[in-house]
Each structure stands twice: as C-alpha cells, then as structure tokens.
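Produce the entire structure from the sequences given, and follow the hints as far as they go.
Chains as they are written, first to last, in the working numbering: chain A, 1 to 369; chain B, 1 to 169.
Rather than coming from a laboratory, the hints here were simulated on the basis of the structure.
On a predicted model such as this, the values are computed, not experimentally measured, just so you know.
Be a bit skeptical, because a hint or two may be false.
As the list claims (entries may be wrong) - Simulated DEER-style distance windows between Cβ atoms:
id : chain 1 : residue 1 : chain 2 : residue 2 : range
1  : A       : Asp58     : B       : Leu54     : 19 to 29 angstroms
2  : A       : Pro154    : B       : Glu160    : 39 to 49 angstroms
3  : A       : Pro113    : B       : Glu149    : 19 to 29 angstroms
4  : A       : Thr125    : B       : Glu149    : 38 to 48 angstroms
5  : B       : Arg111    : A       : His220    : 46 to 56 angstroms
6  : B       : Arg111    : A       : Ala107    : 40 to 50 angstroms
7  : B       : Phe50     : A       : Gly326    : 27 to 37 angstroms
8  : B       : Ala133    : A       : His220    : 57 to 67 angstroms
9  : B       : Ala48     : A       : Ala107    : 48 to 58 angstroms
10 : B       : Glu149    : A       : Pro154    : 19 to 29 angstroms
11 : B       : Arg111    : A       : Ala143    : 43 to 53 angstroms
12 : B       : Thr49     : A       : Asp13     : 42 to 52 angstroms
Each residue gets a CB set at the ideal place from its N, CA and C atoms; glycine is no exception.
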Amino acid sequence: MYVAVKGGERAIDNAHDWLAEERRGDPDVPELSVAQIREQMTLAVNRVMAEGSLYDPDLAALAIKQARGDLIEAIFLVRAFRTTLPRFGASTPVDTGTMRCDRRISATFKDAPGGQVLGPTFDYTHRLVDFMLEAGGEKPKAAARAARDTAPKPRITEYLGRDGLIEDEVPSEAEPPDMTRTPMAHPAERPLRLQALARGDEGFLLGMAYSTQRGYGRTHPFVGELRIGPVAVEMDVPELGFAVEIGEVVLTECETVNQFAGSRTEPPQFTRGYGLVFGQSERKAISMSLVDRSLRWEELGEEPAGAPAQDAEFVLSHADNIQATGFLEHIKLPHYVDFQSELELVRRLRREAGADANPSTGPDAEVAP
Amino acid sequence: MRPRSGEGMQQADRTAPETGPDMEGAARRHWMGLLARAAPKTLAERLATFDHALPAFAWLRRPETGSVMVRGRAGGTGAPFNLGEMTVTRCVLRLEDGTVGHAYVQGRDERHAERAALVDAMMQTSQAESLRAEVLDPLTEAEAHARAERAEKAAATRVEFFTVARGED
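So this is what it looks like as structure tokens:
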C-alpha cells in the first residue's frame with residue numbers, strides 16, 4: 001500500500017519543466033512534427049493505436065511525441081484520452097474479405113487462389129543498417145507499378161472449408177461482451193478473449209505465442225493467410241435509419257491452420273486460430289492467432305498440457321501493458337509506512353534470534369510511521 | 001459557413017422521416033461514405049472552389065467527437081467481437097429551407113464534420129447537380145486514383161513462384 005504524501009510541488013513542477021526540455025532535445029536539431037511521426041514512424045503509430053485500442057493516427061503520433069517515444073507511455077495517453085470520449089455506438093462487423101490488400105501471403109499454398117502479394121515488407125531484407133538513410137535527402141526510388149490485380153482473394157480457410165478440411169467458423173450476430181464496459185470475468189468466451197488479445201501487449205503475446213511453438217502447449221500452426229490493408233467501417237445510424245460508412249481502418253489479419261481435432265462422430269479437421277489488429281502489425285497478428293488457438297483447447301476437446309499459453313486467466317490477466325505497468329510502477333511511489341512496519345518486524349525477529357544487539361541507526365531508523 | 005445566430009439546439013429526431021425510395025437512400029449512403037473517407041483538407045479545398053455561395057444553416061447538433069467500437073468476426077466470418085475503437089465526429093445541421101444534413105466522419109476534425117453535413121444537406125436540394133460535379137465527382141476521382149496507385153504497387157509485389165500444376169487442374 002502506498003500513502004498520500006504532501007509537499008514537493010516545486011520539485012515536481014521543475015521535474016516536469018525539465019522533462020519538457022529533455023523531450024525537445026537539442027534545440028539546434030529541428031523539432032519533429034506530429035505529421036512527420038505519423039508518416040515516418042508509421043509502425044510505432046500502429047502499435048500505439050492497436051494497444052491504445054483507439055484508431056486515430058494523428059492522436060497516436062502526438063502521444064508518441066509527448067511520450068518521448070516511450071510507446072507504453074504513449075499507449076497510456078491514448079487509453080486515458082479514450083475514456084473521455086462519448087461512445088456513439090458500435091460498427092457492424094468489418095468484412096475483412098473485402099480488404100484492399102496491400103499484402104496478402106499464404107504459407108500453406110504456393111499458388112494461393114488470388115495470388116500472393118508481398119507488399120511493403122521487411123521480409124527478405126538483409127537487416128543491414130542502411131547508412132544511406134543517415135545521410136538523408138535521398139529520395140527513395142519510386143515503387144514499381146504493375147497492372148492492377150482484379151482477381152478476388154478468397155480466404156484460404158474458405159478454400160479449405162469447401163472440402164470440410166477445416167472447422168467451420170459459425171456465423172453469429174450475438175452481441176459481443178465488451179471489457180471496456182464490464183470488467184473481465186472468467187471463464188472468458190472467445191469474443192472476449194479476442195478483444196483482450198487485440199489490445200494486449202505485443203511483446204507479451206509474442207512471448208506467449210513463442211512458448212507454444214517451443215512445446216509449452218500445442219498449436220502446430222501454419223500461417224494459412226496473412227493480409228494487410230484498409231477495410232471500410234460501417235455503422236447503423238439510428239437517426240438516419242440506415243448504415244453509413246464512417247471511415248476506413250487499416251487492419252492486419254492472420255488466420256492460422258492448426259492440427260486436427262476429431263472425435264468418434266466427426267472426422268479429423270484442421271482447427272483455426274485468429275488474429276486481427278489495428279494497423280500494419282504483423283508480428284502481433286500472428287502472435288494473437290497462435291495464442292487464440294492455444295486458448296481454445298477446451299472448446300476443441302483437447303487435454304490440457306498445463307502450459308501457460310493455455311491458461312486463459314493467466315494470459316488475459318497479464319496481456320494488458322497499461323494494467324501491468326500501472327501495478328508494476330506503483331511500487332516506486334512512496335511506501336514509507338509499509339516499509340517501516342516491515343523494517344520493525346525484521347528488527348524484532350533479528351532481536352529475538354539474538355542478532356543485532358547494537359543496531360546502528362540507518363535512515364528513518366527512529367522515525368515513527 | 002458560419003451558422004446563423006439565434007439557432008438553438010434542437011432534437012435531431014426532427015429528421016426522422018428521411019428514408020426515401022431505395023435508390024435515393026443508396027445514393028445518400030454513397031456520398032456520406034465518400035465524405036467520411038475524404039481527407040479533411042481535400043474536402044475543404046473542393047468546397048472552397050465551389051462556384052456557388054454556401055447556404056446558411058442552423059445547428060441541430062453541434063459537432064461532437066466521440067468513439068465508435070469497431071467490430072470484427074472470429075475467423076473473419078464467425079462470432080462478432082470488439083476489436084477496438086476509432087474516433088468519429090458527428091453533427092446535424094439544417095438549412096433555411098428545412099433540409100437536414102448529417103455527418104459521421106472518422107477523426108476529430110469538427111470543421112470536416114461540418115462540411116460533410118453541409119454537403120449532405122445541399123445534395124438534397126436543387127444544388128445537387130453542380131455540387132456533384134464540382135465536389136463529389138472530384139473526391140471520387142481522387143479516391144479512385146489513390147486506390148489505383150496502391151493497387152498497382154501491390155500488384156508489382158505479387159509473387160510469381162514457379163507453379164506446379166495441381167492434380168485436379
């Protein structure tokens with residue numbers, strides 16, 4: 001427990017002024033604009049939108065600037081802003097099948113119907129630092145163009161589903177639970193889990209997903225399909241009496257194809273894991289789909305392996321970096337009274353054990369709580 | 001584009017009987033979507049060059065920024081879930097002749113919502129034709145151009161793995 005403390009106002013004001021100065025850095029170096037961050041630190045902006053759980057590139061860019069590039073701090077700012085917004089409603093579920101794909105790959109079918117499109121990817125780069133970027137002023141070579149591809153890009157899982165090789169995703173119009181309105185309750189159904197994962201910390205989900213690949217749990221995933229691109233967001237507007245498009249969001253979607261479930265009555269089928277994330281957030285979307293699949297063990301009738309990534313309560317309670325950082329970082333705030341009582345306890349125990357006959361006076365040694 | 005003075009907040013419900021024939025509804029849905037997707041700067045520029053005076057209006061609901069929960073579906077086609085929110089700004093205004101314009105636009109730009117609602121209202125008046133030619137058509141064109149450019153870049157990164165004919169072909 002920490003306690004309220006008084007005093008220190010001037011020190012706090014001065015600390016914040018210094019923070020602002022440090023944020024700006026060397027004044028001889030031009031100041032970053034929010035637009036520069038939005039356009040040139042796009043993937044950081046995407047991460048802040050995804051984990052801040054609010055799609056607004058300008059706001060995320062501003063938060064990154066204010067947070068000096070500390071992305072969790074920026075996510076914190078976005079989450080705090082989010083709570084001030086009145087909720088106008090919910091969109092109709094986005095149709096990722098109509099995505100205008102910037103990228104669309106499949107690791108399961110070389111000649112995936114609709115083709116494979118690499119898009120602006122780091123894959124196949126050499127991961128060598130490019131010192132040309134340091135020199136600056138170099139205009140990048142214009143991206144190549146090719147005749148527009150009008151072939152439809154059906155879901156790979158749909159393709160497998162036609163032959164019954166993968167479990168059906170049962171369509172439903174059930175109103176999903178919302179963890180921003182109702183506190184998380186366990187056991188959490190899949191829609192609630194997906195919401196928690198979609199806003200969860202990328203690093204945490206990456207670690208969890210990796211653990212399943214290394215044998216803690218069983219997923220055996222293939223990336224059936226990964227697609228990135230904008231989709232329309234539509235909402236029913238009650239005062240109009242019809243649905244209108246209110247904008248577009250860029251999403252990353254990952255569908256994994258995993259090993260079989262089957263029973264005496266049903267033949268073996270591939271099973272699914274799903275990831276959907278705001279922005280171009282490929283690592284997160286793949287991680288999410290692995291963790292989603294791992295958490296589905298019970299509904300697929302699998303025996304638990306006792307792996308951390310199969311424990312929904314463990315995963316969902318620790319995936320949120322704002323909750324985590326809030327609880328973790330609060331221990332640096334004044335805990336003087338708590339600590340004083342522990343200090344007295346340990347002194348008493350040591351006295352009783354015959355040690356510390358002549359205790360030295362350390363800091364606060366004689367101060368009453 | 002300043003609202004006339006003396007207007008008061010009124011219930012947006014006055015606009016309820018607005019569902020005309022299906023065709024009309026579809027056209028309106030279409031332009032409302034186009035306006036919501038347009039970059040605020042582009043819409044502002046198009047309206048600035050619009051060759052007619054913009055009408056006076058009164059607010060029925062002043063611009064307000066809020067959020068909309070974006071939903072997805074498990075597996076892309078299954079049960080809905082809450083993916084995360086997006087910022088949206090909305091407003092409702094009324095022209096002097098009583099025509100009501102609505103806007104729900106992505107982002108936090110109140111002027112953008114105002115312009116979108118004004119265009120929505122004007123599109124229901126005799127100015128529709130010139131507005132379509134001078135504002136909506138160029139917006140459609142700009143959007144199509146931007147989309148085509150991205151699609152062409154994507155097409156250039158299409159992987160042509162050497163293919164082996166599948167058994168069933």
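Status of the hints after comparison with the structure:
1. Between aspartate 58 of chain A and leucine 54 of chain B the beta carbon distance is about 26 angstroms. The supplied range of 19 to 29 angstroms therefore holds.
2. Taking 39 to 49 angstroms as the suggested C-beta distance range, the pair proline 154 of chain A and glutamate 160 of chain B does not conform, at roughly 19 angstroms.
3. Range check, proline 113 of chain A to glutamate 149 of chain B: about 25 angstroms between beta-carbon atoms, so the 19 to 29 angstroms window is met.
4. For threonine 125 of chain A and glutamate 149 of chain B, the Cβ-Cβ distance of about 23 angstroms falls outside the hinted range of 38 to 48 angstroms, so the restraint is violated.
5. Look at arginine 111 of chain B against histidine 220 of chain A: about 53 angstroms separates their beta carbons, and that is inside 46 to 56 angstroms.
6. Checked against the hint of 40 to 50 angstroms, the pair arginine 111 of chain B and alanine 107 of chain A passes, with Cβ atoms roughly 46 angstroms apart.
7. In this structure the supplied range 27 to 37 angstroms is violated for phenylalanine 50 of chain B paired with glycine 326 of chain A, their Cβ-Cβ distance being about 50 angstroms.
8. Judged by the Cβ atoms, the range 57 to 67 angstroms given for alanine 133 of chain B and histidine 220 of chain A holds: they are separated by roughly 58 angstroms.
9. For the pair alanine 48 of chain B and alanine 107 of chain A, the beta carbons lie near 49 angstroms from each other, so the given range of 48 to 58 angstroms is met.
10. At about 25 angstroms, the CB distance of glutamate 149 of chain B to proline 154 of chain A agrees with the hint of 19 to 29 angstroms.
11. Distance hint check: the CB atoms of arginine 111 of chain B and alanine 143 of chain A are about 33 angstroms apart, inconsistent with the given range 43 to 53 angstroms.
12. Distance hint for threonine 49 of chain B and aspartate 13 of chain A: a CB-CB separation of about 49 angstroms, consistent with the stated range 42 to 52 angstroms.
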